[in-house]
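Engineer: Knowing the structure of chain A, use the given hints to seat chain B on it.
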Amino acid sequence: MGILNIITYIPLAGALVILLFGRRSPGAIRMIATATVVIDFIVSLYLWYAFDPNKLFQFRETYEWIPSLGVKYDFAIDGISLLLILMTTFMGIIGVVSSYSAIKFREKEYYILLLLLQTGMIGTFCALDFFLFYVFWEIMLVPMYFIIGIWGGPRKLYAAIKFFLYTLAGSVLMLLSILALFFFNDGGIEFLNIKGLGNPGTFSVLQFHEIGHLIPPQLQFWIFLGFFFGFAIKVPMFPFHTWLPDAHVEAPTAGSIILAAVLLKMGTYGFVRFALPILPDATKQLLVPIVVLSLIGIIYGALVSLVQKDMKKLVAYSSVSHLGFVMLGMFALNPMGIRGSVIQMINHGISTGALFLLVGIIYERRHTRMIADYGGLAKQMPMFAALFLIAALSSMGLPALNGFIGEFTILLGAANSTAFGTIAYAVIAAIGIVLGAAYLLWLYQRVFWGPLDNPENANVPDVNKRELGMMLALVALMIWIGIYPKPLFDVIEKPVDYVVKKVDPAYFDKQPLTFPTTPAPAEHHEVAAK
Amino acid sequence: MTWGDTIYLLPEIVISLGACFLLIAPVSGFRGSSAAKWSMLVLLALTAVAVVASSALVQDIEQTLMFRQMFALDAFSIFFKLLFIVTIAMIALLSDDYLRNSRYSPWEYYSLLAFALCGMMFMASGIHLAAIYVGLELMSLSSYILAGYFKNEQKSTEAAMKYFVLGAVSSAILLYGISLIYGVTGTLNLLRIADSMATLVTNDALMFGIMLLGAGLCFKIAAAPFHVWTPDVYEGAPTPITAFLSTASKTAAFAIFARIFYVGMHHFRLDWQYVLATIAALSMIVGNFAAITQDNVKRMLAYSSIGHAGYVLLGIIAVNEMGLYGVLVYSVVYVFATLGIWATVLMLAQHEYAGEQVEDFEGLHRRAPLWAFAMFIFLLSLGGIPPTAGFIGKYFLFYAAVGAGFGWLAVIAVLMSAVSMFFYLRIVMAMYLRDGQRADVVSSGGLKLVAAICLIVTLLFGIMPTPLVEQAKISGTWVATRAAALTNGR
Numbered sequence: 001m002g003i004l005n006i007i008t009y010i011p012l013a014g015a016l017v018i019l020l021f022g023r024r025s026p027g028a029i030r031m032i033a034t035a036t037v038v039i040d041f042i043v044s045l046y047l048w049y050a051f052d053p054n055k056l057f058q059f060r061e062t063y064e065w066i067p068s069l070g071v072k073y074d075f076a077i078d079g080i081s082l083l084l085i086l087m088t089t090f091m092g093i094i095g096v097v098s099s100y101s102a103i104k105f106r107e108k109e110y111y112i113l114l115l116l117l118q119t120g121m122i123g124t125f126c127a128l129d130f131f132l133f134y135v136f137w138e139i140m141l142v143p144m145y146f147i148i149g150i151w152g153g154p155r156k157l158y159a160a161i162k163f164f165l166y167t168l169a170g171s172v173l174m175l176l177s178i179l180a181l182f183f184f185n186d187g188g189i190e191f192l193n194i195k196g197l198g199n200p201g202t203f204s205v206l207q208f209h210e211i212g213h214l215i216p217p218q219l220q221f222w223i224f225l226g227f228f229f230g231f232a233i234k235v236p237m238f239p240f241h242t243w244l245p246d247a248h249v250e251a252p253t254a255g256s257i258i259l260a261a262v263l264l265k266m267g268t269y270g271f272v273r274f275a276l277p278i279l280p281d282a283t284k285q286l287l288v289p290i291v292v293l294s295l296i297g298i299i300y301g302a303l304v305s306l307v308q309k310d311m312k313k314l315v316a317y318s319s320v321s322h323l324g325f326v327m328l329g330m331f332a333l334n335p336m337g338i339r340g341s342v343i344q345m346i347n348h349g350i351s352t353g354a355l356f357l358l359v360g361i362i363y364e365r366r367h368t369r370m371i372a373d374y375g376g377l378a379k380q381m382p383m384f385a386a387l388f389l390i391a392a393l394s395s396m397g398l399p400a401l402n403g404f405i406g407e408f409t410i411l412l413g414a415a416n417s418t419a420f421g422t423i424a425y426a427v428i429a430a431i432g433i434v435l436g437a438a439y440l441l442w443l444y445q446r447v448f449w450g451p452l453d454n455p456e457n458a459n460v461p462d463v464n465k466r467e468l469g470m471m472l473a474l475v476a477l478m479i480w481i482g483i484y485p486k487p488l489f490d491v492i493e494k495p496v497d498y499v500v501k502k503v504d505p506a507y508f509d510k511q512p513l514t515f516p517t518t519p520a521p522a523e524h525h526e527v528a529a530k
Numbered sequence: 001m002t003w004g005d006t007i008y009l010l011p012e013i014v015i016s017l018g019a020c021f022l023l024i025a026p027v028s029g030f031r032g033s034s035a036a037k038w039s040m041l042v043l044l045a046l047t048a049v050a051v052v053a054s055s056a057l058v059q060d061i062e063q064t065l066m067f068r069q070m071f072a073l074d075a076f077s078i079f080f081k082l083l084f085i086v087t088i089a090m091i092a093l094l095s096d097d098y099l100r101n102s103r104y105s106p107w108e109y110y111s112l113l114a115f116a117l118c119g120m121m122f123m124a125s126g127i128h129l130a131a132i133y134v135g136l137e138l139m140s141l142s143s144y145i146l147a148g149y150f151k152n153e154q155k156s157t158e159a160a161m162k163y164f165v166l167g168a169v170s171s172a173i174l175l176y177g178i179s180l181i182y183g184v185t186g187t188l189n190l191l192r193i194a195d196s197m198a199t200l201v202t203n204d205a206l207m208f209g210i211m212l213l214g215a216g217l218c219f220k221i222a223a224a225p226f227h228v229w230t231p232d233v234y235e236g237a238p239t240p241i242t243a244f245l246s247t248a249s250k251t252a253a254f255a256i257f258a259r260i261f262y263v264g265m266h267h268f269r270l271d272w273q274y275v276l277a278t279i280a281a282l283s284m285i286v287g288n289f290a291a292i293t294q295d296n297v298k299r300m301l302a303y304s305s306i307g308h309a310g311y312v313l314l315g316i317i318a319v320n321e322m323g324l325y326g327v328l329v330y331s332v333v334y335v336f337a338t339l340g341i342w343a344t345v346l347m348l349a350q351h352e353y354a355g356e357q358v359e360d361f362e363g364l365h366r367r368a369p370l371w372a373f374a375m376f377i378f379l380l381s382l383g384g385i386p387p388t389a390g391f392i393g394k395y396f397l398f399y400a401a402v403g404a405g406f407g408w409l410a411v412i413a414v415l416m417s418a419v420s421m422f423f424y425l426r427i428v429m430a431m432y433l434r435d436g437q438r439a440d441v442v443s444s445g446g447l448k449l450v451a452a453i454c455l456i457v458t459l460l461f462g463i464m465p466t467p468l469v470e471q472a473k474i475s476g477t478w479v480a481t482r483a484a485a486l487t488n489g490r
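Protein chains in written order, with the numbering used here: chain A, 1 to 530; chain B, 1 to 490.
Wrong hints could be hidden among the right ones.
[Unchecked claim] With a straight-line Cα cutoff of 27 Å, these simulated DSSO-like cross-link-like pairs (lysine-lysine) come out: (1) Lys72(A) - Lys448(B); (2) Lys108(A) - Lys448(B); (3) Lys72(A) - Lys284(A); (4) Lys104(A) - Lys465(A).
Read the hints as simulated data drawn from the structure, not as lab findings.
Just so we're clear, the structure is a prediction, and the values are computed from it rather than from any experiment.
So that you can see chain A by itself, here it is in the shape it has in the complex (with noise of 0.2 Å):
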């Protein structure tokens, strides 16, 4: 058993520990969840130190799972997934630890699906067999459904099932595109009247990245269509973003968390990991309407934070605001754009996963989310206020913090792509930074300054040490990414160019195989590419 295998099941074995505890003591339960985290996360940094970051995947496990059918078992990860499990086993800490205080009965249960909810998730960035694949993305389903509908607010039953029933019809129908990639490699059968391939049966996401080039555009084109759904409905990109709000505000703080920060990562980790590169000519092909539908995710997903009255429902659309971003950066098909993409998947997963902390964290001691009900905050809760407004300015991607990198990065490679053709998008785009400053800092005025009217608010206490330790790591993470992101871009060159190539192979012979690690002018790159 390998290292990636140990990660993804340390959660599971921790689960299985709770399970034999009982409900007699939630202090012990709460102990052995977080330890599983620790040590989960602590084995995740040796990914870290032994990762090669001049080749592609790395810590590959092989074995044979179900021969007949052609499936595997097969782990591996590259940078990409590296960045991502490091997010997840250090958000799975957040989760834990943001829970003490927020969760008041049937601890056993809760933690007991956090933990296999983190194992799924792993497995999930972990898997290059598709079936194996499909199988950790379905069985993350069900500890959300419960931890929503279990310790989730008023409307909880509703948003746990919209939850479950919006993810899993986009999931069967990338189901349908696994087995006619499935069918396609395999050639034992006509479909469109495409002869497929004849290789043995597999599942293998490797190999069909070999072949994907070779599948006919009519046929990528259904089969991208199956994958977007699955994807599309996970990011969430507009119009499928409905059901984010209800769950984002129903779920509890560490049920947040992790839906922002890891779940809806897993759509835009599916675009670039198996999206792409297998299917390229669908890629360009349904290019504009996907960009578009990201633009149109990026504006409204602002313009409708803006006049929230919930400030985690504020921050809930502005996830669809960000992950617009994402899906504009990867679409743009340049080593930059695709670059900003995966690094805002991370940025968007610390300042989001921040931001629904502290509202949780605001919550529990005043048990109302409207912002209505704040008003000079920041003279009862200094601390508190600090950290809300670095974390605010991270989101809306203040130079100096992590959401810079990203947006920056995004907004380059959207510039200079040669497959949007136009600058237009760019342009589109950098409005929805500025509607972003809007509705975070609009937001940061009505909580913390202005007088101190409303008399409840006269008592409540500051941060505690626990609840700013955590802030404490997510304010370092921000500010290390935003200085110093070379490590960060370093891990995933490699894959990005990888993913570039397989896309438009021809892509490195137009452009210059230089492409700096921190941003560079944007001049550069249109000289170059003349």
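Structural biologist: Chain B only, in chain A's frame:
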């Protein structure tokens, strides 16, 4: 015909004699309900031994044809026979408490179950339409009586009456279809029908015959639009009998459906595939959407079983190897998940109709955490969510449908399986997300055993499906190669 062939019929002989014994046992001095249960279980064990013994006589993968090629003792029939025996054994365990609390004789009940099993075993073996029909009628007549077994309950009697009248009509339709096919091809043997059809061009009488035959079979598997009897009968019948109807009786019909259409009617598949595809689509849509509105668990599961009939039809429509394997795998998966659910319903059904409303499941996770967990897994399995066996089963069927070029049908199927999660989650929601005390938890050893077996099978084949898949491949090979040979011959 040689009398030596009789040895191959050993299981059927054992079960017939045993059924007769169960019928006369109380007259000849045997009394007591647990004696009846144990006699039934011993009989089933003997039958299972006989099946295994007779299967040892099958030397190669080639079937052993017997009695003027009326029956085949091949891996396909053995697979289903063993599945039927296990199913009936679990239904016997489920029935035990239910019968004890009633004032009806368990002996006749078990005897009827044994006769039904005998009919089902003939169905699984039959490769001759007359033999299949006789087996089907034996099973059907037994189940009509069983549905009305609680003769003083109005609901039960009503269910039996409806079932009998509609079942008789469907049998007549089936028989008419068979007679038309006989009229055109001059034979009732499926192999000869296949040979004879290969020489025919399209023929109205034959088409009409195939359609009538299909309609009769669709009634038996409860596919829309031949499904209207299902909710009423499932609701009214005693719960263990509902379990019988939704598992044993249905899988037996799947078995003959697959055998007849893969072997006998194969030549005209392009003509019937689309008709069946429409029926499958209709079943999935009607079954799953109608189930959403049901508050009664029995009715909900009745509609959901209509949907499941639609899924299995995918495997039959596909007419490829994976489709057949899918029918086999799905039958197993479906039987175990469904029986597990019925065990849970029965566990709640201490007084007459408790355990039948969705509200009765409220707060089950507190009162019976293990039962609630088991029920949750069974529901996930029916919904086709990994890592349960239901996912593997559905995977085969979707695979087969996409492979046969029925992509649109596969799209409907996957979307409907997402819809089905909506009402399965209603029960999950009641169990885990609500609190309530409506129904009492009374679980006996028999129910626990059934639930444990079903839970283990559902999880085991979900995580490690290889044994089941391999077995299905071995068992399906004869029918599959026969069908493949015909495909190439065309």
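Engineer: For the pair we were handed, Lys104(A) and Lys465(A), check the Cα-Cα distance against 27 Å.
Structural biologist: Holds: Lys104(A) and Lys465(A) sit about 20 Å apart, inside 27 Å.
Engineer: Against the 27 Å threshold, does the CA-CA distance of Lys72(A) and Lys284(A) hold or violate the hint?
Structural biologist: With a Cα-Cα distance of about 31 Å, the restraint between Lys72(A) and Lys284(A) is violated, given a limit of 27 Å.
Engineer: Quick one, are Lys108(A) and Lys448(B) close enough, alpha carbons at most 27 Å?
Structural biologist: Within the cut-off at roughly 25 Å; holds.
Engineer: Need the status of pair Lys72(A), Lys448(B): alpha-carbon distance at most 27 Å?
Structural biologist: Violated, at roughly 35 Å.
Hints 1, 3 from the earlier list are contradicted by this structure; the remaining hints agree with it.
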